[in-house]
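Trainee: Make the full structure from the sequences, and use the hints.
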Amino acid sequence: MTTLKVSDLHVSVADEETKATKEILKGVNLTMNTGETHAIMGPNGTGKSTLSETIMGNPKYIVTKGDITLDGESLLDKTVDERARAGLFLAMQYPAEIKGITNSEFMRAAVNATRPADKPIPIRTFLKQLDHNLDVLNMSADMAERYLNEGFSGGEKKRNEILQLMTIKPTFAILDEIDSGLDIDALQVVSKGVNEMMSPDFGVLMITHYQRLLNYIHPDQVHVMMGGRIVKTGDDSLAKELERTGYAGLRAELNLDVDLVDEDVPAGNGGR
Amino acid sequence: MPKAAVLKKDPALLESSKFASEPQWLTDLRQRAWSKIDDLEMPIFAKINYHSWPLLNLTADPGINMSIPQTVVNESAAYQFASVGQIVAKAKLSEKLIKQGVILCDLATAIKEHGDLVKQFLFSKAIHFDEDRLTAANAALVNGGAFLYVPDDVEIDEPINLLQFQDSRQTTNFVNHTLIVAGENSRFKVLQRLATVGETENPAHVMVEIVAAAGSYVKFSALDSLAAQTHSYINRRGYLDRDARIDWTVGLFNDGNTVADFDSDLVGVGSHTEMQTVAISTDRQTQGIDTQVTNYGAHSEGNILQRGILLGASALVFNGIGKIIKGAHGSKAQQENRVLMLSPKARGDADPILLIDENDVIAGHAASVGRINQDQLYYLMSRGLTKEVAQRLVARGFLGVVLSDIPMAEVREQMIAMIERKLVNGQRTE
Ligand SMILES: Nc1ncnc2c1ncn2[C@@H]1O[C@H](COP(=O)(O)OP(=O)(O)OP(=O)(O)O)[C@@H](O)[C@H]1O
Ligand SMILES: [Mg+2]
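One line per chain: the protein sequences are A and B, in this order. So that you can map any letter, position 181 of the first sequence is 199 in the working numbering, and since no number is skipped, the others follow by simple counting. So that you can map any letter, position 96 of the second sequence is 226 in the working numbering, and since no number is skipped, the others follow by simple counting.
Only true hints are included.
Subject to a maximum C-alpha distance of 30 Å in a straight line, what follows is the list of computed DSS-like cross-link-like pairs (lysine-lysine): (1) A:Lys23 / B:Lys517; (2) B:Lys462 / A:Lys117; (3) A:Lys23 / A:Lys187; (4) A:Lys137 / A:Lys117; (5) A:Lys23 / A:Lys44; (6) B:Lys517 / A:Lys146; (7) B:Lys177 / B:Lys166; (8) A:Lys78 / B:Lys517; (9) A:Lys117 / B:Lys517; (10) B:Lys517 / A:Lys83; (11) B:Lys517 / B:Lys475; (12) A:Lys96 / B:Lys475; (13) A:Lys117 / B:Lys475; (14) A:Lys37 / B:Lys517; (15) A:Lys175 / A:Lys23; (16) B:Lys462 / B:Lys349; (17) A:Lys96 / A:Lys78; (18) A:Lys40 / B:Lys517; (19) A:Lys137 / B:Lys517; (20) B:Lys222 / B:Lys242; (21) A:Lys44 / A:Lys258; (22) A:Lys117 / A:Lys210; (23) A:Lys37 / B:Lys475; (24) A:Lys78 / B:Lys475; (25) A:Lys187 / B:Lys517; (26) A:Lys117 / B:Lys349; (27) B:Lys517 / A:Lys175; (28) B:Lys517 / A:Lys96; (29) B:Lys222 / B:Lys349.
Think of the hints as simulated: they come from the structure by calculation, not from any bench.
Mentor: Here's what the structure looks like:
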C-alpha cells in the first residue's frame, strides 16, 4: 500500500502582472491510500485545481506551509517530472495543446520515461496496449496520430487525458473535472476507463461539481472544500446531501465565514 | 563601420588553388576575380555582423592529406559522390544514368573532360564572380567541388547524393564550388551533405549553383554539419528558367559560426521555388541566414519557410527577402520566418523584408521570435518526461511543419537524427 498525504498545506499564487501574492489554500489535510477512491467537491474558485496542481508540482503554486508526502517522503523539493515518475498523474482541467508532436509519440516517450534508457518499451507491445485503451475509450485510431490535443474538442481532450492515464498507469491519479463538458455517453466511457484502472495498487482523487459522476465511479470518501480548506468529509451520501442543500446550506450548517462566488445571483425562472 | 575581413593577397595562395593543368579560361577567370577582391565589399546581410570572423584567413601553403579516413569510406556507401577536401573518395553513377548522359564528377575533372559545359554555366548564370568580396574569393581560389549535369528530358527517381567533407586534419583551404545543371524538362533530386574531418581551424567557403533550364524540376536538400572550429560562408543559388522549379530543403546544423546566403532567381515566366530552412544554434554560436527570392519573370512564385531553434548563449538571425522586379506581373512571394529560443541567454531574430516594384502581385509574410511555452513544457513534464526530453519534443514539434514537408523519407530521417544530436549536444553545454 502506498499513501499520499497532504498536511496543513498552505499555498499562494503570485499574480502574473501585479506580482502580488494571494493565499489560496489555507491548511488542507488529506490522506489517500492506494485502493481507495476519493472525491472532492466545492464551489468555483475555492482551490480544488490549486490543490491538484500543487500536489503535481506546478511551479506557479508556492507552498508556504505544510507538506505533501508519498509514503512519508516529502515531494516538495521534487520537480513535476520527478513526481510523475514517482507515480503521480494529474488529468488536467485545461490540458495544453502542442502542435507537431503526435499523441502516440508523446505517450511512448512518457512510458519510456520510467524505464531504463536501454530498455524502451517494444513498439509492438506499446501499440497493442494503445489499441486496447483506444478501444475502451471509444476513440478512433487516428486520434493517436493527431498532434497532442491540437484542435481536440473539449470532450476529446478529457478522453485523451484518460487515455494517457491508462497508458502511463500511475500509482495515484488526480482527475480534475474529468466529467465537465462530457455528454452522458462520454461520461460512461470515461468512467469505464477509470474503473478499468482500479486495483489495490491504484488510488484516485476526483474533483467534480456533479454528483452524477459518482454514480459511475463510486467514492469511498467525499470531501467538501470551501475557502481553501476541506470543511467536511463523508461518504457517498454527502454528495447527495450537497446536491440538495447547496454550498450555502453547508456553510450555514458549519457556521463558516467564506464567500461564495455565485451567491445572491438570482437564478432566473428556475430559481422560483 | 566594422573592420572587414581582409584577404592577404599572396600570389602563392592563388597559385596553390589552381587545378592541375587547368584551361586558360579558368585561370583568366581566377585572375580577374583575384584582382577585384580588394575593391569589392563584403556582402551585407541585415542584422548579421560577421565582419570580424576569420573567413578570409586562408593559407598560402595549404597542406594536402591524400589518405581517406575510414569514417568517410563507411559513410560514402550511401552516396554516389564523396570527397575529402580536394581528394575524391568516390564518384560512381549507375550504368543506366551514364548511358542517359548524366555526368557526376569532381569539379577539376569536369573542367578537364567537359570544359565547354562547365564554362557555359560556372559563374555565368546563378552566381557572378564580381558580386562581392566573397564571391570573388571563391572564383579566384576555388579548389574543389562537384559537377552534376542532367541532360534534357532525363528523369531520375533515385536521389543523387553528394558527401563533401572539409578536411581539417591540417591547415588548408576549403573553397568548394558545386555546379548543378538541369537540362530542359529534366527532373531529379540531389542531396548535399557537408561535414568536417579533423580538428584544425580552417574557414569554409561553400557555393552551390543550380542552373535550372526550362521546365526542369530539381529537389535539392542539404544537411550541413561543419565543425565548431569552422567559420563558414555558404552560398547556394538557383537560376530558374521558364517553368522551372527548385525545391530547397536545407538543414543548417553546423557547430561553428555560419553566414548563409540562399537565393533563387526566378528569371523565367512561371518559374517556382520553395525554400525551406531549418537551423539550430547552440552554445556560443552565431548563425545568420539570409534567404532571398527574386521574382523577375511574370507569374513566378517563390515561398520561403524558415524555422530556427536556439540554445545556450547562441544567436540566430533569419532574414527573408522577397524582391519583386518591375514586370513580374501576377507573381507571388510568401514567407514565414520563426525562431524559438529554448534558453534565456539566446538571441533570435526573424526579419521579413519585402521589396516590391510591381502592382498585381501577391506577397505576404509572417514572422515570430518566441520563447518556449511554459504551459506546454509543464504539461509534458507532468507525464514524467525530463525537462530536456520535453524541450526536445517541443523543439521538434516546432520544426515539424518543415520536416513533414520534406519529400524524401531518407533525408527526413537523417534530418531528424541530426536535430536530435544537435539538441542533445546543445543541452549538454547549457
Ligand atoms: N495561476 C494563478 N494565478 C492567479 N490566480 C490563480 C492562479 N491559479 C488559481 N488562482 C486563483 O485561485 C483561486 C482558486 O482557483 P482554483 O482554480 O484552484 O479553483 P477551483 O476550485 O479549481 O475552481 P473551479 O471549480 O472553477 O475549477 C481562484 O480565485 C483563482 O483565480
Ligand atoms: Mg478547477
